[in-house]
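Trainee: Since chain A is already given, all that's left is putting chain B on it; use the hints.
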Amino acid sequence: MRRSLAQNLVLALGLLVLAALVLLPFWWVASGSVKLPKEIIQRVPTMMPHSFTTQHFEKLFSSSDFPTYLVNSLLVALASTAATVALALPAAYAFFRMDFPGRAALYRAILLAYAFPGVVVLIPLYGLFSAAGLVDSRISLVIVNVAFALPFAIWMMRSFLASVPREIEEAALIDGAPVATILLRIMVPLIAPGIASVAVFAFIASWTEYLFASVLIVSDERRTIPVGFAGIIGQYQIDWGLLLAGATAATIPVVLLFALVGRWFVAGLTEGAVK
Amino acid sequence: MRNATLPFAFVAPALVFLAAVLGWPLLQAVWLSLQDVGVIGSQGRFVGLANYAAVLGDGRFWRALLRSLVWVAGNAAVQTLAALGAALILNQQFPGVRLARTWIILGWIVPTVVVVIIWRWLLSTSGGMINPLLVQAGVIDRPVGFFASRESAMTTLILINSWRWFPFTTLMLLAGLTRIPGELYEAARIDGAGAVKRFTRITWPLLQPTLLVLGVVGTLLSFNVFDVIWLLTAGGPAQATQTLPVLIYETAFKGYRLSEAAAVSVITSLLLMAFAVAATRAMAADEAER
Numbered sequence: 030m031r032r033s034l035a036q037n038l039v040l041a042l043g044l045l046v047l048a049a050l051v052l053l054p055f056w057w058v059a060s061g062s063v064k065l066p067k068e069i070i071q072r073v074p075t076m077m078p079h080s081f082t083t084q085h086f087e088k089l090f091s092s093s094d095f096p097t098y099l100v101n102s103l104l105v106a107l108a109s110t111a112a113t114v115a116l117a118l119p120a121a122y123a124f125f126r127m128d129f130p131g132r133a134a135l136y137r138a139i140l141l142a143y144a145f146p147g148v149v150v151l152i153p154l155y156g157l158f159s160a161a162g163l164v165d166s167r168i169s170l171v172i173v174n175v176a177f178a179l180p181f182a183i184w185m186m187r188s189f190l191a192s193v194p195r196e197i198e199e200a201a202l203i204d205g206a207p208v209a210t211i212l213l214r215i216m217v218p219l220i221a222p223g224i225a226s227v228a229v230f231a232f233i234a235s236w237t238e239y240l241f242a243s244v245l246i247v248s249d250e251r252r253t254i255p256v257g258f259a260g261i262i263g264q265y266q267i268d269w270g271l272l273l274a275g276a277t278a279a280t281i282p283v284v285l286l287f288a289l290v291g292r293w294f295v296a297g298l299t300e301g302a303v304k
Numbered sequence: 645m646r647n648a649t650l651p652f653a654f655v656a657p658a659l660v661f662l663a664a665v666l667g668w669p670l671l672q673a674v675w676l677s678l679q680d681v682g683v684i685g686s687q688g689r690f691v692g693l694a695n696y697a698a699v700l701g702d703g704r705f706w707r708a709l710l711r712s713l714v715w716v717a718g719n720a721a722v723q724t725l726a727a728l729g730a731a732l733i734l735n736q737q738f739p740g741v742r743l744a745r746t747w748i749i750l751g752w753i754v755p756t757v758v759v760v761i762i763w764r765w766l767l768s769t770s771g772g773m774i775n776p777l778l779v780q781a782g783v784i785d786r787p788v789g790f791f792a793s794r795e796s797a798m799t800t801l802i803l804i805n806s807w808r809w810f811p812f813t814t815l816m817l818l819a820g821l822t823r824i825p826g827e828l829y830e831a832a833r834i835d836g837a838g839a840v841k842r843f844t845r846i847t848w849p850l851l852q853p854t855l856l857v858l859g860v861v862g863t864l865l866s867f868n869v870f871d872v873i874w875l876l877t878a879g880g881p882a883q884a885t886q887t888l889p890v891l892i893y894e895t896a897f898k899g900y901r902l903s904e905a906a907a908v909s910v911i912t913s914l915l916l917m918a919f920a921v922a923a924t925r926a927m928a929a930d931e932a933e934r
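Keeping their order, the protein sequence lines are chains A and B. First residue of the first sequence? That's 30 in the numbering used here, and the numbers climb one at a time after it. First residue of the second sequence? That's 645 in the numbering used here, and the numbers climb one at a time after it.
Wrong hints could be hidden among the right ones.
[Unchecked claim] Partial pick of chain B residues on the chain A-facing surface, computed with a CB cut under 10 Å:
id, residue
1, A717
2, G718
3, A720
4, A721
5, L750
6, W752
7, V872
Calculated from the structure, these hints are not laboratory results. Note that the Cβ used here is the ideal one computed from N, Cα and C, for glycine as well.
Chain A with its partners taken away, still in its complex shape (with noise of 0.2 Å):
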């Protein structure tokens, strides 16, 4: 298909838009980490910087407690993903390859479970932890993480798992294989983009879970970013140049990831998404 002149202008012109709406934030965010402070409180804004600093990273790194925070962030979420992997691989496949009485009913009441405010389970859940001794430890947060990351878990695979030809599965089994080697030997390597994608969803969800953290997690050593960056903002006369360091720290690790696997991210999301 072919577009005039004018619809290649259009074209263009929406495309700079959502480009600035989306970015835009984020370059004035990652400039102004290394401006001077009085450049960055200045009343005329500047799009480039005028001035170049590292003293707010140095600060961040050195003299603030986000290092702690990172690693946390990072255990829990790698933790969260691992673990998010291992129960939706399995529980997708008896769902979507198998068949079993009840089957539906179950598949339902898994969605549901994604209608329900966090907050609800929030209260009776902190009196379990602190009934198990889990109150400020980082494994408890790994639970609700997963937990939370589940139901859409395993309705991403559902895509990933539909492009198999039965035949592949049909013929190992003939051939006397179990159904666990199918699983593991046959099926992982050809879903391999759902898994990172599934990976990915886990991931994010985790390093940006705010409210169970909040309540959580008492002492400051383990903090995940979400919640000690926020205490960062009260904590400080706001202190604008760290504010904008840590939140370039806090978005790197995301983007590096999705540099590697967003692609495929993006194709579990639409995927699923049409049935």
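Mentor: For chain B alone, coordinates are given in the frame of chain A:
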């Protein structure tokens, strides 16, 4: 030979886990709402439906419910419009389209606290970019405090949350758009239909199922948004942005009235469940008609 219990062995870990971490606490929330527990960990007496009577007789609950409805409707309107525009653009072929489709989601993958810092700074009256831009464009006379007044606080929050979520909506709509067969557009073109007519006669009607799914999922997702509101306004000024999740959090962890908060959350869950069931019924009926 397939073992009949094998599928259950596969779903059991996930199911047991969800039942323990979400299902069981949910039942406990119901039990808690029938007692009079104040601070976390303290003992309470059974008081029957007294908390429910108190909540339903309290204007704060109804005002928070109303704000939640405004919040959901505002987010739905802004996000759908922005996402529709973005999806129509990204549905075209141009160099770099795959990069654009991937990176549009950037605002959605960063922690809320980053979103909060970005917008607090951009909207601040000292050094923020938005005020000078609006003054230059002649929209406002002098810098305004976006979170200072009741109306502007809610509007600003809806716009910020929409900024965060519209890329997600865009990708969902894009999936719906790519499912529309290209031949339909070709045929319409041959019949002499213009761009507007092609949109209203082909794109819009064929996008309805996707929009319906999004309406349901989006409503549930945005209803439950807590962190961006809490971190930007904490429900203020003067409770103007106190939606139901914020009210629940505030009652439980600032007001130390756990049982009352549990009652509000049970009512909220019932409302959301009723909505989800009604919406899935409507979708099933809609599908049967096609």
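Trainee: For a quick check of understanding: which of the numbered hints are violated here, in increasing order?
Mentor: Hints 1, 2, 3 and 4 not satisfied by this model.
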